[in-house]
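Trainee: Chains A and B are the protein sequences, given in the same order. If you read the first sequence in this note's numbering, its first letter stands for residue -2, the second for the next number, and so on. If you read the second sequence in this note's numbering, its first letter stands for residue -2, the second for the next number, and so on.
Everything labelled a hint here was simulated from the structure, so no lab data went into it. Values in this document were obtained by computation on a predicted structure and should not be read as measured data.
Derived pair list, reagent style SDA-like, types lysine to any residue, alpha-carbon separation capped at 25 Å:
hint, chain 1, residue 1, chain 2, residue 2
1, B, K108, A, A16
2, B, K108, A, R20
3, A, K108, A, R93
4, B, K108, B, L9
5, A, K108, B, G22
6, B, K108, B, V120
7, B, K108, A, G22
8, A, K108, A, L128
9, A, K108, B, E21
10, A, K108, B, E13
11, A, K108, B, A17
12, B, K108, A, E13
13, B, K108, B, H133
From chain B, some residues computed to sit far from chain A (all C-beta separations above 12 Å):
hint, residue
14, G81
15, R101
16, E114
17, G119
18, H133
19, R135
20, S164
21, R213
Just a few of them, taken from the derived set where beta-carbon distance is under 7 Å, the chain B residues facing chain A:
hint, residue
22, A16
23, R34
24, F38
Glycine included, every Cβ here is placed at the ideal spot set by N, Cα and C.
Protein chains: 2
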Amino acid sequence: MIPPDHPRYRSLLARERLAACAREGIVTPEGLAAHGRGEAFDYLIGERTTESALLAERTAAAMLLSSPSAVISVNGNTAALAAGSIAELQRASGARVEVSLFHRTGERVEKITRLLEAAGVGVLRGRAEPLLPLSHPRALCLREGIFSADTVLVPLEDGDRCGALVSMGKRVIAIDLNPLSRTARAATLTIVDELTRALPNITGACRGMGPGEGERLMSSPDNISFLRAAMDEIRGNLEHALD
Amino acid sequence: MIPPDHPRYRSLLARERLAACAREGIVTPEGLAAHGRGEAFDYLIGERTTESALLAERTAAAMLLSSPSAVISVNGNTAALAAGSIAELQRASGARVEVSLFHRTGERVEKITRLLEAAGVGVLRGRAEPLLPLSHPRALCLREGIFSADTVLVPLEDGDRCGALVSMGKRVIAIDLNPLSRTARAATLTIVDELTRALPNITGACRGMGPGEGERLMSSPDNISFLRAAMDEIRGNLEHALD
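Turn these sequences into a full structure, and let the hints steer you where they fit.
Mentor: If you want it as structure tokens, here you go:
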């Protein structure tokens, strides 16, 4: 057991949770490696929500609230780490939730759907069709879900898929700790923050959004400014790291 | 299949290999996440051997050649990614090889020993005893192996174990892509390079070591200078990354 006063308690707990979900087939080996990459960038960013990330989170909330058909795309790692936070965000934003997997099998979709439903998430069900401009089976999604959404929140998404959604004219909100990743660069808005910190912040911003605030937020900095701010944080943290 | 002309071919191949070894129980879920952290740092360092890393690799070769009882400590990730390179380094340096696992079970030790032997490595066998100043079962090692070694090469080692070996008075050579890790800071010499690039470089340096060169190398920069050089590389790479 990890002692709760361990300086990296949250990080170690997340790692344990993912390893357990990998044994159940909810998380893939590739998902574990991807989580490790995220951990490294979170370490560099200081394992905290930066000021610019918080602004991106409030902007994401404004985008979700202003969207007539927003969808949250959930993969194995997201379900394993944040099923409860997805349920909260769904209630606060009114967005629909679709399970969308890079390593897609019917069995994994079903397992993850059940995990989310047990946490109180309403999950879209139906027959997935190859509707995205990607090679099969990565093209699969629901016609009444991601395909017809105008805004898609993709926590922890692969770069090709993020680019495909943008090319379809959708507004794509990514949560990605690597400000240099293809996903971070391709998205309409990138939140450079750790998933379990970012989701409650978006939910809180949805709940507290004042009148006219959404419009102001959505006219705020463009994506590249958010990425530059994250890079500046990392460079600043590295400056004296070995002193 | 990954196309060989993919810009990140080597990295993707390594990830596939580890995922396959995870399914066989050679690599642990925690090992996959650790690999992901390494990938992130390798990306930041430019996925190439820096000049200072090459100097550290030549220094490591000098330390191994000058040591009357050097041991290479091999874990699951190392065996999965570099069994052949370990065999070559063993032949070039004369070092002994011991399997040493963070998540140790008799079955994993046996599987990894067989994987190494199939690649031509001579692996120490025997009854492991709790000889390291760590809690059981992480204290386990062979009396005629790591316990009595004067120099230990630990590719991809955990920080506590690296510190324990140093506290026993051993010269510890670490291969670690994170210049800020506890392992990197605790080791006598840290090679900040990716495993499958580092090992052949050490082997090459063992084979080409000129007379008197080893002494010169071993009087070269101390560990903190190697770590600072790696940090400078990373910061330089980040400087214009978003231009």
